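*Asks:* Chain A is fixed; fit chain B onto it per the hints.
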Amino acid sequence: MPQLTTRILPWYAVPWVIDGWQKVKRYPLIPLALLLFVMVIPAIFAPWVAPHDAFLGSLSDRLQPPVWQSGGTSEHLLGTDKLGRDMLSRIIYGARVSLTVSLIAIFVGGIIGTALGLISGYFGGRTDSVIMRLVDISLALPTILLALVLVAAVGPSFGTVITVLIVLLWARYARLVRGETLAIKELDFIARARVAGASHTRIMFRYMFPNVVNSLIVLATLQVGYVILFESALSFLGAGLPRAEPAWGVMVADGRELIVTAWWVSMFPGLAIMLTVLSLNLLGDWLRDHLDPKLRNL
Amino acid sequence: MQRFIAIRVLQSLMAILVMSMIVFGLARLSGNPIDVMLPLEAEQADYDRLSKHWGLDKPITTQYFIFIKKALQGDFGDSLKYQGKSAMSLVTERLPATLELAGFALLISAILALPIGVLAAVAKGSSWDTAAKIIALLGQSLPAFWLGIVLMWVFAVMLDWLPSSGRGGLRHLILPAITLGWFQVAVIMRLVRSSMLEVMDSEFVKLARVKGIPEWKVIWKHCLRNASIAPLTVFAIIAGSLLTGSVVTETVFTWPGIGLLVVDAVRSRDFQVVQAVVILFAGIFILCNLLVDILYAYLDPRIRYQ
Chain A
0 MPQLTTRILP WYAVPWVIDG WQKVKRYPLI PLALLLFVMV IPAIFAPWVA PHDAFLGSLS
60 DRLQPPVWQS GGTSEHLLGT DKLGRDMLSR IIYGARVSLT VSLIAIFVGG IIGTALGLIS
120 GYFGGRTDSV IMRLVDISLA LPTILLALVL VAAVGPSFGT VITVLIVLLW ARYARLVRGE
180 TLAIKELDFI ARARVAGASH TRIMFRYMFP NVVNSLIVLA TLQVGYVILF ESALSFLGAG
240 LPRAEPAWGV MVADGRELIV TAWWVSMFPG LAIMLTVLSL NLLGDWLRDH LDPKLRNL
Chain B
0 MQRFIAIRVL QSLMAILVMS MIVFGLARLS GNPIDVMLPL EAEQADYDRL SKHWGLDKPI
60 TTQYFIFIKK ALQGDFGDSL KYQGKSAMSL VTERLPATLE LAGFALLISA ILALPIGVLA
120 AVAKGSSWDT AAKIIALLGQ SLPAFWLGIV LMWVFAVMLD WLPSSGRGGL RHLILPAITL
180 GWFQVAVIMR LVRSSMLEVM DSEFVKLARV KGIPEWKVIW KHCLRNASIA PLTVFAIIAG
240 SLLTGSVVTE TVFTWPGIGL LVVDAVRSRD FQVVQAVVIL FAGIFILCNL LVDILYAYLD
300 PRIRYQ
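For the record, the sequence lines run as chains A and B.
Numbering-wise, numbering that gives the first Met the number 0 puts 263 at position 264 of the first sequence, and it's gapless, one number per residue.
Numbering-wise, numbering that gives the first Met the number 0 puts 25 at position 26 of the second sequence, and it's gapless, one number per residue.
Only chain A is shown next, with the shape it has when bound in the complex:
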């Protein structure tokens, strides 16, 4: 009597695992994972993930090297800064600061830009030319200088940094949305909505807006990285977030004069900026290719 044997497949060869992997593989896994671990999880769960207080340090622990260097302790994995504050905790809180600032700025800038773009494209004529000239002027301004003067004039704070960013961001949304609106305006369903008695506002926001959402998402994703870079550059120059905030750019600036004695103070926050922006750029590219390939040259 022949022996009945069932061949047990190893777990990675089970059909539904393979299928599942094939499905998952289509998404940009590495950038997503990076983003999740460097930015999103630290930002949302900062008080629970951070091993120490990000604002309070003890002077007896100042400038401790990271754990793998001689003199480092497992108490402070990435070392401490010159006030004895734990670097890892500050970087974790820094994620929260960066994410908040850039999301608010992009959200508000995006709303203003989208609304003006819709109005400009839909109504055309004089409204259009006034708004578009404003866009041209706004895009022709040298951004970093403008920001420097604005922040220096009003003083560094969350509010001023976000205002600067909104001023810099809205024009791109307005230009993009206007371009798309011009094409959508000519389509049949807009004329029909008009005939059916829909108001201008309703047409713009109920019928045209949903058609530009994809492009908006792509542009917004591509801009998060740019905004984080810009905000950290401003903070580095001392014209961004207040000195006491655990912002990544401020932390890099803190470490600049310590470069000979304590390299880790500016190295790790910079690394955090780079990884975040890198993963956001990869994610943005992927989104653009999948949602809106015609935006290739954004």
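By construction, these hints were calculated from the structure, which means they are not laboratory data.
What you are looking at is a predicted structure, and each value in this text was computed from that prediction instead of being measured.
Any given hint could turn out to be false.
In silico DSBU-like links for lysine-lysine, alpha-carbon gap of 30 Å or less [unchecked claim]:
hint, chain 1, residue 1, chain 2, residue 2
1, B, Lys220, B, Lys123
2, B, Lys210, B, Lys220
3, B, Lys51, B, Lys68
4, A, Lys24, B, Lys216
5, B, Lys80, B, Lys68
6, B, Lys84, B, Lys68
7, B, Lys132, B, Lys51
8, A, Lys22, B, Lys123
9, A, Lys22, B, Lys132
10, A, Lys24, B, Lys132
11, B, Lys123, B, Lys216
12, B, Lys123, B, Lys210
*Replies:* Chain B in isolation, oriented as in the chain A frame:
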């Protein structure tokens, strides 16, 4: 064409005007400069006297028109911080350092970007192409100020090959120029690659090959010459962003140029110097954009206004 140029020139003038208003308004908003100049125990009479001396007692619009009139003559007033020096003389004093840095950065980025871009296009899909892609990605993602500090750490502190800050000979230039030029490398390289790909596909290149011209000559002479039109048109934009980007780089390396001057001036509320620098930079930036647009319209007639 003339109409197009006229409209663009007018737009640029508007942009400069808006910039001047923003700068003027914000500088006034930042606080009374007299507070910084006078000691705490100063009397009201001292305030009035100084206000009159600096023309700060006149209405704000009058002050603005005086500012514009003088600015057109290149006169931005005297620096508040450096007594007895005019803002313009400070700017012209520092200008050579910034131009030297920006020029060198441009040179370095062109030297790096052209061959990599060409190789990436010629060997599309090869490891050169991958390397080019990685450089482009890093160019977009690396914060310039951090790159500067890392370079400083590695080459000045650890290896002790190059000086870490200040201005001097060629050795002082290398690190700041790489920091400043890094982003441009990515931009130029991508443009060279894509336009090379386009040119290499065209008929005259095939003809050159059929004629038996050696491959290296086809690529480096026939193709590159034609492919460099697109990167050339963005060169002006790049030059503009090099000038403004110097603010960050000069702060990192304490390079005594205009960028450092303006950051110092902003910190010490030196109105006149901030105005002079920002208007000068804005002017250069806007002029560069204008030149690019005109150049584009010249090369591609579809862009001209109807």
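*Asks:* Compare the structure with each hint and give your call.
*Replies:* Going through the hints against the structure:
In summary, the hint linking Lys220 (chain B) to Lys123 (chain B) is supported, as the alpha carbons are separated by about 19 Å, within the 30 Å threshold. For the proposed pair Lys210 (chain B) and Lys220 (chain B), the alpha carbon gap of about 15 Å is at most 30 Å, so the pair holds. With a C-alpha separation of about 19 Å, the suggested pair Lys51 (chain B) and Lys68 (chain B) falls inside the 30 Å cut-off, and the hint holds. Distance check on the hinted pair: Lys24 (chain A) and Lys216 (chain B) sit about 43 Å apart at the alpha-carbon level, beyond 30 Å; violated.
Pair hint Lys80 (chain B) plus Lys68 (chain B) holds up; C-alpha atoms about 23 Å apart against a cutoff of 30 Å. Proposed proximity of Lys84 (chain B) and Lys68 (chain B) is supported: the alpha carbons are some 20 Å apart, at most 30 Å. Distance check on the hinted pair: Lys132 (chain B) and Lys51 (chain B) sit about 60 Å apart at the alpha-carbon level, beyond 30 Å; violated. Taking the CA atoms of Lys22 (chain A) and Lys123 (chain B), the gap is about 28 Å. The hint holds against a cut of 30 Å.
Straight-line distance between C-alpha atoms of Lys22 (chain A) and Lys132 (chain B) comes to about 26 Å, which keeps the hinted pair within the 30 Å bound. Taken as a hint, the Lys24 (chain A) and Lys132 (chain B) pair is honoured in the structure, with Cα atoms around 21 Å apart against an allowance of 30 Å. Between Lys123 (chain B) and Lys216 (chain B), the direct Cα distance comes to roughly 18 Å. Compliance with the 30 Å bound is thereby established for this hinted pair. Taken as a hint, the Lys123 (chain B) and Lys210 (chain B) pair is honoured in the structure, with Cα atoms around 24 Å apart against an allowance of 30 Å.
Hint violations for this structure: numbers 4 and 7, all remaining hints satisfied.
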